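Chains Z and H, in that order, give the protein sequences. For the first sequence, the positions run 1 to 388 when the numbering used here is used. For the second sequence, the positions run 389 to 671 when the numbering used here is used.
It should be emphasised that the hints constitute simulated quantities derived from the structure, not laboratory data. All of these numbers come straight from a predicted model, not from anything done at the bench. There may be inaccurate statements among the hints.
For the chain H half of the interface with chain Z, some residues (derived, Cβ under 10 Å), not all of them [unchecked claim]:
1) THR395
2) TYR397
3) ASP407
4) PHE411
5) LYS414
6) GLU534
7) ALA658
8) TYR662
9) MET663
10) ILE664
11) ASP665
Even for Gly, the Cβ is constructed at its ideal location relative to N, Cα and C.
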Amino acid sequence: MAALRRILIGATPEERARYESLVEQHGSPLLLFDPSILRQQYRALTKALPGIDLYYAVKAHPNEDIIRELDALGAGFDVASAGEMDMLMELKISGRRTIHTHPIKKDQEIRDALRFGATTFVVDSIDELQKLTPYRSRVGILLRVSFRSDQAVVDLSRKFGCEPDQVPAIIHAAKGLGLHIKGLSFHVGSQCSNADKHVEAIRHCHRIMQQLNSRGSSPMSSLDIGGGFPADYTLEGLDIGVFCAPMREALAELPDDWHLLAEPGRYLIAPAVTSITTVTGKSMRHGIAWYYLDDGVYGSFSGQIFDHAYYPLQVLTEGPCQRSILAGPTCDSIDIVAEGIELPEMETGDLVIGHQMGAYTAATKTRFNSLPDAQFIHLPESSAEENY
Amino acid sequence: MKHFKETLYDSICQEFRIDKLYFEHKTDFQHLMIFHNAQLGRVMTLDGVVQTTEADEFVYHEMMAHVPLFAHGSAKRVLIIGGGDGGMLREVLKHPVEHVTQVEIDQAVVDMAKEYLPNHSAGGYDDPRLHLVIADGMDFVRESREQFDIIISDSTDPIGPGEILFTENFYAAAKRCLNQGGIMATQNGVPFFQPDELRTTWKRMAPHFKAMGFYCAPVPTYYGGFMAFAWGTDTPSLRDVDPQVLQERYAGSGITTRYYNPAIHSASFALPQYMIDSLNEVN
């Protein structure tokens with residue numbers, strides 16, 4: 001996978017001065033949040049998927065500043081735990097604008113969600129349906145169906161989701177329990193390279209729902225197409241409008257009165273956060289230059305372990321390149337941010353910039369070695385924001 | 389937020405325009421809001437659900453206080469569980485009772501209601517007959533040695549802090565605090581949308597009383613038609629107090645009401661057939 005990592009060498013004097021002044025001001029390591037990029041992403045996805053209600057997957061980066069920005073844009077929120085709901089409640093966001101998407105829940109979790117005001121729940125088994133029976137007059141249920149994608153970097157249909165051919169039996173069981181399943185949901189995986197699997201899943205769900213609706217008296221009307229919208233980790237200029245074009249076609253075939261939802265996380269927030277980490281020490285070992293950074297895979301780069309993401313890295317100096325390794329600050333040997341890369345020689349105090357660092361980065365950081373977290377910096381509004 | 393959308397049900401919801409937000413606070417136990425709405429006056433919500441509005445609270449509070457109190461006829465000691473907004477206290481104190489204990493779990497609700505819903509308690513919190521206890525209602529009935537003629541459980545819904553006030557243990561413990569000839573009344577939701585609640589209460593409460601049943605009143609902002617109140621006593625005749633006697637007690641009390649009257653009192657025990665059918669499913 002290392003070959004996929006994009007390395008940028010050098011920076012404009014302005015760019016370099018900007019990063020250096022941020023570190024001077026706030027210290028290091030940092031995560032820089034640029035709200036204007038989040039807004040651009042949100043608008044681009046809204047445009048790419050017209051008529052679909054977007055529910056930001058809070059788990060991607062559960063940060064109050066980010067949530068506030070999305071709240072102002074009118075986004076909904078996809079939550080999966082009491083902690084996430086608590087955060088939204090603190091920000092006075094109504095549960096009415098959220099969906100609870102964890103397919104496996106404790107009873108207390110369901111009760112907490114209902115108190116918070118989330119009434120849409122996701123199930124993928126009869127066992128899970130039964131847990132909702134005491135609350136049947138209040139809840140709306142989406143049945144999660146598994147469509148596995150061999151192209152997704154993270155397969156989210158292995159652990160959760162029923163097989164498509166199980167749907168009629170589960171719908172039947174729901175009826176017996178006095179529960180209404182209002183629609184289907186799927187999650188083809190994370191960081192998809194194309195929308196083929198989405199399209200297949202949309203068409204398949206369309207067929208299943210139409211078939212069942214033609215027989216049943218209580219029609220299903222919701223389709224949640226999950227996430228999987230990719231971040232541009234290779235910095236090749238991803239066009240989400242083009243990525244979603246086949247989906248738009250499949251979605252256009254659905255009845256007008258269906259409610260369409262999506263749960264984007266990564267696409268929205270990844271490019272809006274940039275990391276800064278500092279070289280705290282260096283050594284030359286077996287002909288390879290080792291640089292020790294003040295942030296690593298137990299911190300902001302945790303996504304390299306948990307999320308299989310390889311963030312584009314940028315060094316600010318230029319010069320002849322040599323084989324190098326960027327290591328994180330903990331004492332563990334797994335704490336390697338990048339190896340097998342060619343970098344110009346750096347000095348202690350030099351900065352290494354991580355791009356596309358917004359999704360599943362700080363979200364999965366650990367407490368290992370009791371190292372301090374990268375500080376989250378909400379960048380001031382730039383006047384350069386494009387108008388959509 | 390310029391509108392409040394209730395979060396009770398997934399496929400339907402009532403929405404209120406917020407004309408002025410007076411108060412919004414996440415307390416240790418619950419998320420509380422008070423705002424003004426042109427049609428309803430001040431509205432209090434808890435955890436996304438309407439609790440009381442100035443325009444229609446009289447239906448709820450009158451029916452939950454006056455039905456047991458006039459049926460009893462000579463109640464001296466009353467226990468209110470919950471009811472932090474003060475509306476129940478106001479109605480109970482209209483009767484010549486000697487003592488009221490109110491057990492509310494959250495001091496913040498009382499403080500906020502006194503400030504922002506003053507018409508609910510109407511000075512009730514300053515009445516010398518009141519003993520206000522900030523405690524869990526369940527703990528109180530389990531530990532108290534006091535006895536009461538009337539117990540009113542003016543709780544939130546069964547999901548949340550009011551949960552324990554819908555348990556069999558609570559009904560049993562509360563029963564022990566009732567004097568002979570005493571009556572217990574509890575709010576029991578809107579059975580049209582929440583039929584399970586009606587059945588669950590029936591199953592849990594009936595074993596502890598010689599006579600247990602429900603009576604009804606429509607509270608407009610608890611939408612869905614009739615709200616049910618559960619009623620339990622060991623003196624079955626209290627359910628069917630002679631209308632003439634009720635009339636005399638009502639007239640004699642000098643209490644003025646806007647929903648309650650003796651005819652409504654008697655009629656409220658007649659349940660719509662869908663509720664009877666729903667209860668029959670239990671048996």
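Here's how the hints hold up against the structure:
Taken as an interface hint, H/THR395 checks out: its beta carbon lies about 3 Å from the nearest beta carbon of chain Z, inside 10 Å. Given the 10 Å rule on beta carbons, the hint for H/TYR397 holds: about 5 Å separates it from the nearest Cβ of chain Z. This hint is violated: H/ASP407 has a C-beta 18 Å from the nearest C-beta of chain Z, more than the 10 Å allowed. Given hint, H/PHE411 at the interface with chain Z, is violated; its Cβ is 12 Å from that chain's nearest Cβ, farther than 10 Å.
The interface hint given for H/LYS414 holds, since its Cβ lies 6 Å from the closest Cβ of chain Z, which is under the 10 Å cut-off. Of the supplied interface hints, the one on H/GLU534 is violated, with its beta-carbon coming no nearer than about 31 Å to a beta-carbon of chain Z, more than 10 Å. A distance limit of 10 Å between C-beta atoms decides the matter here; for H/ALA658 the minimum to chain Z is near 24 Å, and the interface restraint is violated. With a cut of 10 Å, the hint placing H/TYR662 at the interface with chain Z is violated, because the nearest CB-to-CB distance is about 14 Å.
Because the beta carbon of H/MET663 sits about 14 Å from the nearest beta carbon in chain Z, more than 10 Å, this interface hint is broken. Because the closest C-beta pair between H/ILE664 and chain Z is about 18 Å apart, greater than 10 Å, the hint is violated. The closest approach between the C-beta of H/ASP665 and any C-beta of chain Z is roughly 14 Å, which is over the 10 Å cut-off, so the hint fails.
Checked against the numbered hints above, the structure breaks hints 3, 4, 6, 7, 8, 9, 10 and 11 and satisfies the rest.
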